[in-house]
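Hey, can you work out the whole structure from these sequences and the hints?
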Amino acid sequence: MVRDVSFGQYFPGKSPIHRLDPRAKILMFIAYIVIIFCTFNFVSLGITAAFTVLFLVCSQISFKFYLKSLKLIILIVVFTSVLNLFYGSGDPLWQWGIFKITQDGINRAIFVTVRIVCLILASSCLTFTTSPTELTDAIERLMKPLRVIRVPVHEIAMMMSLALRFVPTLLEETDKIMQAQKARGADMESGGFVKRVRALIPILIPLFVSAFRRAYDVATAMECRCYRGGAGRTRMKQIHLSARDFVAFAILAAVIGGVIVCNILLTASI
Amino acid sequence: MSFISIEDVYFSYGAEEDGQTAKNAVDGVTLQIEEGEFVAVIGHNGCGKSTLAKHLNAMLLPDSGKITVDGDDTADDAKTFEIREKVGLVLQNPDNQLVASIVEEDVAFGPENLGVEPAEIRRRVDEALRAVDMYEYREHAPYKLSGGQKQRVAIAGILAIQPRCIVLDEPTAMLDPVGREEVISTLQRLNREKKITVVLITHFMDEAVLADRVVVMDGGKILTQGTPQEVFSQVELLKRHRLDVPQSAELAYKLRGCGIGFERIPLTQGDCVTMLEEAMR
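Chains as they are written, first to last, in the numbering used here: chain D, 1 to 270; chain B, 1 to 281.
It is worth saying that the hints were derived from the structure and are not from the lab.
Be careful, since some hints might not be right.
Claimed, not checked - Derived CB-CB ranges, DEER-like: (1) D:Leu27 x B:Tyr13: 47 to 57 Å; (2) B:Gln229 x D:Gly229: 40 to 50 Å; (3) D:Lys14 x B:Thr30: 50 to 60 Å; (4) D:Thr220 x B:Tyr135: 24 to 34 Å.
Quick caveat, the model's predicted, so the values are computed rather than measured.
Here a beta-carbon is modelled for each residue, glycine too, at the ideal position from N, C-alpha and C.
Structural data, given as structure tokens:
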């Protein structure tokens with residue numbers, strides 16, 4: 001059950017997206033999120049959706065994995081789009097009691113669905129093509145200016161990469177503890193909500209205890225390998241902006257420009 | 001002077017809660033380890049062997065006594081990292097030693113901490129992964145590897161620091177027989193081919209047999225030491241301290257009791273079989 005988490009997984013590869021500077025990827029990801037929520041008519045929505053498909057194809061990762069990452073949020077998508085469907089204003093196309101569907105509602109539902117799907121696909125694309133170390137390294141570098149106001153940037157980045165490293169290990173451990181408690185007669189599948197939440201206590205306590213013990217071990221191992229904080233540390237994988245990154249910036253700039261132009265010239269659909 | 005020299009070291013983990021005076025985990029140990037040696041330290045759980053291991057790279061400092069590594073005192077704060085660069089420590093649980101999500105990035109962790117140039121780190125990582133036969137797995141996620149593979153990656157992580165000595169604290173305790181075999185043969189190869197000093201802390205007698213020298217600890221003290229042949233010939237002493245001997249040594253010991261003369265104690269199965277054949281003739 002716990003071993004097929006596809007969110008936050010990294011697939012090594014040599015695609016153009018893999019080889020982009022992780023800093024550039026993070027910055028473009030942020031700009032992209034902003035722009036999908038600034039699409040107000042179907043043409044601009046189409047542009048961003050087409051752009052999403054473009055970088056998914058460029059990442060050379062099987063669509064199977066992207067679909068898997070969507071599976072997790074399908075409920076949220078359905079829920080919000082249904083909600084939006086009934087919240088539109090204007091003349092009803094169809095009405096039943098207090099429920100009415102308007103053209104505006106349909107538009108809203110489409111927009112919200114496409115936006116959320118694009119958002120998830122883009123974030124999956126980021127984590128699929130960027131190793132956690134690259135990601136935290138990039139975050140560390142992007143946040144470097146914050147060191148002036150005494151933000152412990154290196155420590156935050158190190159904590160993030162350790163947390164990402166231990167997600168699968170701790171999930172595996174949770175699985176083991178659950179099985180051990182089941183073998184001792186713990187009942188986790190029946191009873192009301194309160195009873196089920198209570199049943200989690202004998203799983204969480206051993207998990208916490210072991211996580212602390214693990215943390216102590218990891219710290220020892222890190223010290224054994226001469227870890228002494230961020231000062232004087234070098235990195236094996238150097239990141240630097242190359243021509244490729246500027247091409248990517250240019251494409252994204254074109255998309256953003258297109259969306260803005262469409263927003264100005266065409267009438268808004270929502 | 002020896003590469004690592006331990007002189008009359010005492011160490012205790014602080015006072016126990018119920019007011020009793022704390023027992024010394026290491027109770028007056030004196031030991032010399034020469035460069036290029038393969039030393040096995042054996043003993044029960046709680047005999048002080050792991051505590052001793054942590055002293056060798058300045059993770060713990062002795063309460064009294066002195067440890068020097070290549071002439072540098074481990075108690076000297078300024079030398080701590082220099083010592084850890086020379087003496088690498090591999091721990092028991094392979095899961096808790098791997099700090100990155102990709103094998104090669106984990107191996108790079110040590111040299112990165114030392115501030116080595118990126119191109120040189122790359123070279124060291126590739127070399128270390130090849131040395132433990134894990135090069136094909138360099139882009140894998142550690143949690144998908146088997147126990148023996150993880151432990152070999154952990155060894156590669158230490159090798160990339162280019163230490164002159166590797167200390168391993170029960171590296172095979174959590175592994176299956178296949179994993180154990182992988183790790184031990186890797187260590188033997190490193191010792192023979194790269195002339196790296198190996199200090200193997202273990203409670204498996206079959207592993208200890210492969211060492212140049214065996215040190216037996218009990219209650220924080222060194223009970224006896226010598227070549228595997230010398231140590232495992234003292235079957236009675238080991239039994240008195242409730243320690244195992246390799247099965248073949250045990251068999252020979254019992255047969256001796258029945259009047260069958262072995263001129264020496266066989267240590268491995270093959271050795272035992274040939275000696276039995278001779279005795280039968």
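These are the hints, each one checked on the structure:
no., hint, result
1, D:Leu27 x B:Tyr13: 47 to 57 Å, "50 Å, holds"
2, B:Gln229 x D:Gly229: 40 to 50 Å, "48 Å, holds"
3, D:Lys14 x B:Thr30: 50 to 60 Å, "56 Å, holds"
4, D:Thr220 x B:Tyr135: 24 to 34 Å, "27 Å, holds"
Going through the hint list in order, the structure satisfies each hint without exception.
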